[in-house]
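Student: Here is how the chains run, residue by residue.
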Amino acid sequence: MIGDVLTVAWKEWRELFQLGGSHRGGRFSLVLLIGVFGVFLPLQSGAEWVQSPATVFYWGWVPLMLVGSAVADSFAGERERHTLETLLASRLPDRAILLGKMLAAVAYGWGLVIVMLALSLLTVNIAARSGAWLMFPWRFAVGAPLLALLGAGLAATAGVLVSLRAPTVRQAAQTLNVGILLLMFVPALGIQVLPESWKAQMGAWTLAIGIDGLLWVAAGLLALVDLSLLAAAFARFRRARLVLD
Amino acid sequence: MSAPAIIRTEGLTRTFGSVRAVDGLDLEIPSGTVFGFLGPNGAGKTTTIRLLLGLLEPTGGRATVLGFDTRADGGSIREQSGALLEHHGLYERLSAEDNLTFYARVWRIGGEARAARIRALLQPLGLWERRGEPVGRWSRGMKQKLAVARALLHKPSLLFLDEPTAGLDPVAAATLRDELGTLVQREGVTVFLTTHNLVEAERLCSRVAVIKQGRLLAVGHPDELKASRATRAEITGRGFNEAMLALLRGRPGVVRAQLQNGRIVLELAESAETAPLVGLIVQSGGLVEEVRKDKGSLEDVFLTLMEEEP
Ligand SMILES: Nc1ncnc2c1ncn2[C@@H]1O[C@H](COP(=O)(O)OP(=O)(O)OP(=O)(O)O)[C@@H](O)[C@H]1O
Ligand SMILES: [Mg+2]
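Residue numbers (the numbering used here), protein chains in the order written: chain A, 47 to 291; chain B, 1412 to 1721.
Some hints here could point you the wrong way.
What the simulated footprint calls covered on chain B by chain A, stretch by stretch (three residues with Cβ under 8 Å from a Cβ of chain A suffice, anywhere in the stretch; the number is not a length) [what the hints assert, rightly or not]: (1) 1428 to 1436; (2) 1532 to 1540; (3) 1625 to 1631.
Partner residues aside, some chain B positions facing chain A, computed with beta carbon under 10 Å [what the hints assert, rightly or not]: (4) Leu-1477; (5) Ser-1487; (6) Glu-1490.
So, partial list: chain A residues that the calculated Cβ filter (under 8 Å) puts toward chain B [to be verified]: (7) Trp-56; (8) Gln-64; (9) Gln-97; (10) Ser-98; (11) Thr-101; (12) Arg-127; (13) Arg-137; (14) Ala-281; (15) Arg-285; (16) Ala-286; (17) Val-289.
For the record, the hints were derived by calculation from the structure and aren't laboratory data. The beta-carbon is built from N, C-alpha and C at its ideal position, and this holds for glycine as well.
Kindly generate the complete structure, drawing on both the sequences and the hints.
Tutor: Laid out in structure tokens, this is it:
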């Protein structure tokens, strides 16, 4: 089973990193993204980049777009390019196909986040030119990759669900992008419109559990959502339905 | 020699809304057969393959393939089958080699065995030199050959081919046919093949079935099917005349008798024998040089079947 998952992921990666073709635009935005998070933003914030406690939460969002664009292609792309039925006619079990596609997307998004984190650390240190090497506090060094992984999992599971049903890659990508934007703005705007008393309550509560507590709560919630979406994807994967769509 | 049935369907039915794509199909296909499934567009050929692979649920009846029920055990059927479906299913961004490597890994063929098998399949097809190119740049025929290679990778015991030679030039199609023929003999593969090409069916298949609108019209060896239809006999010689034709027409089993370019052309019912007819011509003063009996092609059978049935 694990072998089958890796086989599917291997193929997805092969396709993702194939030179030329339709992915040139994608590669440019990738370089741009790495530049923004690995160089530009760290330069702007300087030492704050490694020291500010709140930045750890951004890293849950960064992989969303990356994973989303990769996973939109997973089933919708195979359907569009008429490779899905042959894949379904192979001996691969349902779960291996699903997990392999998700694994490829998660590894891709999460791997890039790790690259960005490392690059940003390098940028900050080069810019600071202080004798001592600036390092992320442990909370960040553990929290950021963890949140990024769970964020990637969220995008991958939600993305596979959308891609299973979408007739074209374009439609899958659009649906996902709208979803991701909502996920980014709704909480931010939502907090603004909450009654003052609630905000005060939440502030007090945050203070009480501290940044570390908040980190674990966020990670726990994300993990829960990831697992529910995964279960939904397993339940929705039906060869017969996929063949007919 | 009665081989056990590798595919057996009983009243297999699949409807889409009001369309009966496959309608009460009863088939029994012995192991080692190359089975040709013929029918016009929309007859239900592709749907049947999907049902047999357990990719679609039947709405009625049942099918067992390789001893497994398609409804309950599709996974076991797919494990031992190879398929070239309606679309070639190749990843066009990937190279030919990557395409085969992927499916070899899917079928757990590892390491050196994988490399050797890929080479053994690609070389005779003339694709080995170009294995590094993205498949998207290949011609349709090259893709089709690659897809056949992919279906054979894991030496399946049952092979489904949905119009395998569609889009191939006559030479490539003939090569592929030969290779399929050899393979069947060498590896004992059972082949379930759909085609519109009746010459192909006649050359390759030891059994054919004709379906239309999901219903089975005829099954049997191509020769049996042809034998059930009128036979043509062409008699070459000298001294033929209208009087002989009138005599011939009076004989039982002669459906039609005509003179064409100095030859006598007879259309005979199934059971009619030619020897007494030749005797008749000779007695009436005709000189017979050659008698050619032609069962008519499978195409004739097919076209008559299509005309007869509503
Ligand atoms: N997913 C589907 N939804 C609705 N109808 C379908 C579907 N698939 C097939 N059909 C119908 O079932 C019938 C048989 O289709 P099928 O594809 O099996 O024919 P075929 O014999 O393979 O034809 P062709 O020679 O053109 O490939 C057709 O009338 C077709 O419209
Ligand atoms: Mg078809």
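Student: Now tell me if each hint is right for this structure.
Tutor: Results of checking the hints against the structure:
no. : hint         : result
1   : 1428 to 1436 : violated (count 0)
2   : 1532 to 1540 : violated (count 0)
3   : 1625 to 1631 : violated (count 0)
4   : Leu-1477     : violated, 13 Å
5   : Ser-1487     : holds, 9 Å
6   : Glu-1490     : holds, 4 Å
7   : Trp-56       : holds, 7 Å
8   : Gln-64       : holds, 5 Å
9   : Gln-97       : violated, 44 Å
10  : Ser-98       : violated, 42 Å
11  : Thr-101      : violated, 37 Å
12  : Arg-127      : holds, 7 Å
13  : Arg-137      : holds, 4 Å
14  : Ala-281      : violated, 17 Å
15  : Arg-285      : holds, 5 Å
16  : Ala-286      : holds, 5 Å
17  : Val-289      : holds, 5 Å
Checked against the numbered hints above, the structure violates hints 1, 2, 3, 4, 9, 10, 11 and 14; every other hint is satisfied.
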